[in-house]
Amino acid sequence: MAIDAKFIGKAYPSYTYEVGREKIKEYAKAIKNFDPHYLEDDFAAKSKYGTIIAPPTFAVVYGAYLIEPVFNDRDLNLNMAMLVHGEQELEFFEVVKAGDVITTGAKIVHIQNKEKLDIIAIEVQSKNQHGRDVCRGIYTFVVRK
Amino acid sequence: MAIEKGQTFSGSEKVDKYRPIYYAGASGDFNPIHIDPEFGKMVGLGGAILQGLCTLAFASKTVTDWAGDPGKLKRLKCRFSAPVLMEDTISVQGTVTDVQSGRARIDLKVVNQNGVEVLQKVEAEVEA
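In the order they appear, the protein sequences are chains X and U. End of the first sequence = 145 in the numbering used here, gap-free, step of one. End of the second sequence = 273 in the numbering used here, gap-free, step of one.
Here chain U stands alone, though its shape is the one from the complex:
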């Protein structure tokens, strides 16, 4: 696949009720804000929130699914800008902004079902 500037791709993921529990088990991140809705409410988050790194993994998946080979992903960065709650749907849209010296730079928009950016400044680089 030839990667060219301006190409776009997308993906989406539903955050099912137990996702932070699965992610906690796999990653070791058992912070109570992720697994205890009562604690999440107490600290003003409106309930348990998904681990930000799980949201980033969703964004990463959209890129590697598109690239076809997980080994092509060379860089990934983001700012965690808004909490992700259970039953949210996270949509990821990628745009190739530049292709140079064998590397494609990609900007990603990562939003919830209300259009709120849950990650910002999301950038990836893949081998072109």
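If we strip away everything but chain X, and leave its shape as in the complex, we get:
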């Protein structure tokens, strides 16, 4: 069944995520990124950031808390068995540090029905505890029919 375009603009409740130092290290190792900015406390303390920072793509870790409710949205009724990640766009602002508290909101910005597939895009915006932007992402998913 086609995704109803009336859901364009639908917003989801924001989620607040506290960035853990060890979670950053776990993520960095998982992506095989051994940059000392992410892994070495002493190096990080002497860096211009003064502490461990998150890799830019860590944005998808806290961003995921806004994608899950879209996937589970019974109104949208996405066919998850046929869903694939089509495109990803990330725009980075202030660097995310260990201990930051990131609040993220999301809304559906695009729905398109084609003959053999549907496309849905979700915009995710994150701010830190100072109210400053840290990341804006667009997740585009394709649902084959």
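Hints are computed from structural coordinates only; laboratory data are not their basis. These numbers were taken from a predicted model, which means no experiment stands behind them. No residue lacks a Cβ here, since even glycine has one placed at the ideal position from N, Cα and C. Just so you know, not all the hints are guaranteed correct.
What the hints assert, rightly or not - Distance windows between CB atoms, simulated:
no.	chain 1	residue 1	chain 2	residue 2	range
1	U	G260	X	Q129	37 to 47 Å
2	X	F71	U	S155	33 to 43 Å
3	U	E232	X	D75	35 to 45 Å
4	X	K48	U	T234	29 to 39 Å
5	X	E115	U	K150	34 to 44 Å
6	X	M1	U	K150	41 to 51 Å
We have chain X already, so just place chain U on it with the hints.
Just chain U, lined up with the frame of chain X:
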């Protein structure tokens, strides 16, 4: 480092057998197509496939390693165009296409060992 139009850089990453498991644990993406080879075969993928965002993280690493400071990366986008399987080797080649108002635009080619583009339309912007 002065970034100039035409500069190139590269990197590569081997996808070891357990990479999607590590990535699932760190990211929360436990979709069975990534961690269950039997399920991957059943849905026609030929086995478990790596999370696309992990491949994008490999591409991102190539850029931030080159830039020297992760905070310089300002934008990153891609299309997920082909599955990445275990034991694949992903090669990333970046080319600076433009430098303007303090921003360098970079096109990235991200291919597997057979030259297949696993990501397409891969673009990054870094502070120049």
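Outcome of the hint check:
1. U:G260 to X:Q129: 37 to 47 Å: holds (45 Å)
2. X:F71 to U:S155: 33 to 43 Å: holds (35 Å)
3. U:E232 to X:D75: 35 to 45 Å: holds (41 Å)
4. X:K48 to U:T234: 29 to 39 Å: Hint holds: Cβ distance 34 Å, inside 29 to 39 Å.
5. X:E115 to U:K150: 34 to 44 Å: Because 41 Å falls inside the window, the suggested range holds.
6. X:M1 to U:K150: 41 to 51 Å: Roughly 48 Å apart at Cβ, these two residues keep to the hinted range, so it holds.
Hint check: no violations occur; every hint is consistent with the structure.
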